[in-house]
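Start from the sequences and build out the full structure, keeping to the hints where you can.
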Amino acid sequence: YILCSQDLLNQDHETEKRGIGLVFQNYALWPHMTVFQNLAFGLQIKKLPGDQIKKKVEQALALVKLEGLESRYPRQLSGGQQQRVALVRALVLEPDILLLDEPLSNLDAILREQMRFEIAQIHKESKVTTIYVTHDQTEAMVISDRIAVLENGRIVQLGKPAEVYSRPANRFVAGFMGTTSFIHGRVKEIRGELAVVAVSKGIMITGRNSGLETGQEVDVAVRPENIRFLWEAGQRSDSKENTYEVRVTRAAYVGELIDYQLDLAGSLIRGKGEVQKKLAPGDKITITLDPEQISILKG
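Residue numbering for the sequence shown follows this note's numbering, starting at 3 and increasing by one per position.
Honestly, the hints are just simulated from the structure, not real lab data. Each residue gets a CB set at the ideal place from its N, CA and C atoms; glycine is no exception. One or more of the hints may lead you astray.
[Said to hold, decoys possible] Label-pair restraints from in silico Cβ distances: (1) Val-277 <-> Thr-251: 16 to 22 Å; (2) Leu-270 <-> Ser-80: 37 to 43 Å; (3) Arg-193 <-> Asp-265: 25 to 31 Å; (4) Thr-216 <-> Ser-80: 58 to 64 Å; (5) Gln-27 <-> Val-277: 35 to 41 Å; (6) Gln-116 <-> Gln-278: 28 to 34 Å; (7) Lys-56 <-> Gln-116: 26 to 32 Å; (8) Gln-46 <-> Val-256: 48 to 54 Å; (9) Ser-80 <-> Ala-164: 48 to 54 Å.
[Said to hold, decoys possible] The calculated SDA-like cross-link candidates involving lysine to any residue, where the alpha carbons are at most 25 Å apart (straight line), are: (10) Lys-58 <-> Pro-33; (11) Lys-126 <-> Ala-150; (12) Lys-300 <-> Gly-268; (13) Lys-279 <-> Leu-259; (14) Lys-48 <-> Ser-128; (15) Lys-274 <-> Ile-260.
The structure is reproduced here in structure tokens:
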């Protein structure tokens, strides 16, 4: 069920009377219609006067900066332009809810990044409640006010992007929202808001206590940005806690940084370091983990 304005909608409601605008993954623009005709079609079905249709279409195209393209056909538009036409075709009907089904998946990486911000701005200006379906975590965090993470068809966490990312409810959410490495262990000690976990080879990792109990099996979630490299010989961390010597097992150049795979007591974790200070496989280095940033999840 969906509460839409004052109506409680379900599958028994006729599709055309639900007040929901839909943008498909493949845009589904009518190829035999111009941009104007694509946008006007729904308004014509609603039997609006011609002058109102013209005004609404012009306003919709202005919203996405496509003025002057009214006479073009979809095949004459770029991928980004087609995506924007599909978006305002749904918005021009002034729906109560807008549903976007992975609308950027057909675009290349650079255009997709640009369109994230455009969609966020269009949403801000149109003020239409929008449900955005995506498997791209970055898209979700850039565009949304709140994120709902689904596992096997059920919502397992609902919250603001920063909350869902930094405080995942379970291992699925932690693994889905960004790059995360997991280290299995058992809770050794509870220290108020912190918990100490014993992992392999006698290593102890301290992280946030999320209602844990001593002896409980858990997964320690470590993200690349949680790892601080101690580059200089003899450099010390602020605390001996969560300080480890690791061995580099893989180093991949990804442009602005180096993506490392590190062996921590037999567990592999991902870290990111500066390009200027590149390590090679086999090198050893000391790292630290901030306990306040480490999630400990029930196994």
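Hints, one by one, checked against the model:
no.	hint	verdict
1	Val-277 <-> Thr-251: 16 to 22 Å	19 Å, holds
2	Leu-270 <-> Ser-80: 37 to 43 Å	42 Å, holds
3	Arg-193 <-> Asp-265: 25 to 31 Å	27 Å, holds
4	Thr-216 <-> Ser-80: 58 to 64 Å	59 Å, holds
5	Gln-27 <-> Val-277: 35 to 41 Å	36 Å, holds
6	Gln-116 <-> Gln-278: 28 to 34 Å	29 Å, holds
7	Lys-56 <-> Gln-116: 26 to 32 Å	29 Å, holds
8	Gln-46 <-> Val-256: 48 to 54 Å	50 Å, holds
9	Ser-80 <-> Ala-164: 48 to 54 Å	33 Å, violated
10	Lys-58 <-> Pro-33	21 Å, holds
11	Lys-126 <-> Ala-150	19 Å, holds
12	Lys-300 <-> Gly-268	21 Å, holds
13	Lys-279 <-> Leu-259	10 Å, holds
14	Lys-48 <-> Ser-128	20 Å, holds
15	Lys-274 <-> Ile-260	6 Å, holds
Of the numbered hints listed earlier, the single one contradicted by the structure is hint 9.
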